[in-house]
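A.B. asks: Spelled out, the chains give:
2 protein chains.
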Amino acid sequence: MSVHPRLSINQATIKHTTVAEALRVTADAGIGAIGLWREQVQDAGLAESARMLADWGLRYSTHCRGGWFTAVEGPDRRAAIDDNRRAIEETATLAAAGAPGSRAVLVLVVGGLPDGSRDLPGARQRVRDAVAELAPDAQAAGVTLALEPLHPMYASDRSVLSTLDQALDIAADFDPAVVGVTVDTFHLWWDPDVLAKIERAGREGRIATYQVCDWKTPLEADNLLSRHYPGDGMIDFGPMTRAVEAAGYTGDIEVELLNQAIWDTPPAEAVRRTIDGFARAVAPHLG
Amino acid sequence: MSVHPRLSINQATIKHTTVAEALRVTADAGIGAIGLWREQVQDAGLAESARMLADWGLRYSTHCRGGWFTAVEGPDRRAAIDDNRRAIEETATLAAAGAPGSRAVLVLVVGGLPDGSRDLPGARQRVRDAVAELAPDAQAAGVTLALEPLHPMYASDRSVLSTLDQALDIAADFDPAVVGVTVDTFHLWWDPDVLAKIERAGREGRIATYQVCDWKTPLEADNLLSRHYPGDGMIDFGPMTRAVEAAGYTGDIEVELLNQAIWDTPPAEAVRRTIDGFARAVAPHLG
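Line by line, the protein sequences give chains A and B.
Each residue of the first sequence is one higher than the one before, counting from 0 in numbering that gives the first Met the number 0.
Each residue of the second sequence is one higher than the one before, counting from 0 in numbering that gives the first Met the number 0.
Only chain A is shown next, with the shape it has when bound in the complex (with noise of 0.2 Å):
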């Protein structure tokens, strides 16, 4: 099975790696992008980590994950926002360490109702809040912030944004090279309105990565851990992505699948499959 040129690997589905051995099986597997998580970056160091991806030449697609900063004002807030310029600065350098084609794109999953609230409109407001705080330093650091909207049964413990729209609304004040949003077939599938949200993040320009991942029932005992390589559910997979091609998004596609089986799996064999997956399901669509 032939490597798609616009591949990348996300490390979630090779959780178990460092960012050493993440690499390494991207790269002899012939992928020619990936996206690594913050903790494994940390734990290399990131001056090391952005070394090494320049060493393998592999683009960098985005940085894994900012956000969760949906608590109220208070040292929890300001330690969530101060963390969160640290993403900004570890995706810029990531991305200016990756092979031409490289994205400094920070994906945010913004987080849930904080402990013992049931303010959802609230918790909304003060992403948007966070997001206007940290515009002014994505700006800077030639950084794309990502919204991305998550499945609707995260909406309690996750993230408090479900829908395109609701991303694409908060990111509407800001320069789209500062706010975009990110599109993840897993987290969108179900919207009726799914084709014409994404035609409207493409009109405004929003789209700052696309991530396919499929769905399938019966969810795994822990919701989180149900994402499957493209092909193995009930996405079809076509619809969406044609929107995001019509809709002008050239960047790197990546697989990023949180299941214990595939984390079972040798991250080789993992990759492997995941190139397969991508070739059956995803790549016919793809002009």
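Don't read these hints as lab results, they were simulated from the structure.
Some clues are possibly wrong.
Just so you know, same-sequence chains aren't split out, so a pair can sit in one copy or run between any two.
[Said to hold, decoys possible] Listed next, the in silico DMTMM-like pairs over lysine to aspartate or glutamate satisfying Cα-Cα at most 20 Å (straight line):
1. K215 with D114
2. K215 with D118
3. K215 with D263
These numbers come from a predicted model, not from an experiment.
Based on these hints, arrange chain B on the given structure of chain A.
C.D. replies: Just chain B now, with coordinates in the frame of chain A:
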């Protein structure tokens, strides 16, 4: 804790009851209304169920449930349509036997993707077709079909309708007395536009029933069973309840809880806790 006059027990909350037991614990608790499930009604016999309902003097709030008609044309689809015709007759019979204020409302859970299918638009079209086929029967029987959008986490296996607007768009082709919608907090609470959609449902005369149920994370391993007593989770019942009131809905309000721990509770105790939860979390928002 006093019993709110509009509270209705949906039999799913006390799943392991016969119709006789469900009617008794509901009436004994001083609750004025009930919604029964088809399986139990068929076990007891329709005529006998209707007689017992009349004897206890309870209002009938909904009949649960019809739907499951996303199959492609063929014997399975024909069987599903026929089964829904029986459900319509059951609904009419039970509502006629209930106390004044009873409503002939058949809740419809439409079904997910057929096995092996990824054609979500096709399944949604078949829902529309099934409603068109059943509407004359419902009209003749004086029954309202109440399309229920389910949480998007059930889009593949239980309901290809995920939003109130989807249900309203289908209903729009029919008389509001014949096709309406079910507003259930558990399924809709995450929707950033839920209040506007409830307002639309009211304006179009479509709110056939309002069900209250709480959402709490982490979800149960079987996410179908993650429904909680009002007040025990993360939902703010105020805005949605006030919106349903403002939309003109004056009927009974059901509590339908699919939850193994609640099913393991003696039915009378589960009913008592439902009364308490309703009084604390929902009743303060009713006029």
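A.B. asks: Checking K215 and D118: alpha-carbon separation at most 20 Å within a copy, between copies, both or neither?
C.D. replies: Close across copies (14 Å), not inside one copy (31 Å); limit 20 Å.
A.B. asks: Quick one: K215 to D114, C-alpha cut-off 20 Å, is that within a copy, between copies, both, or neither?
C.D. replies: between (30 Å within a copy, 12 Å between copies)
A.B. asks: Is the C-alpha distance from K215 to D263 at most 20 Å within one copy, between copies, in both cases, or in neither?
C.D. replies: Within one copy only: 19 Å inside a chain, 29 Å across chains, cut-off 20 Å.
Hint compliance for this structure: no hint is broken.
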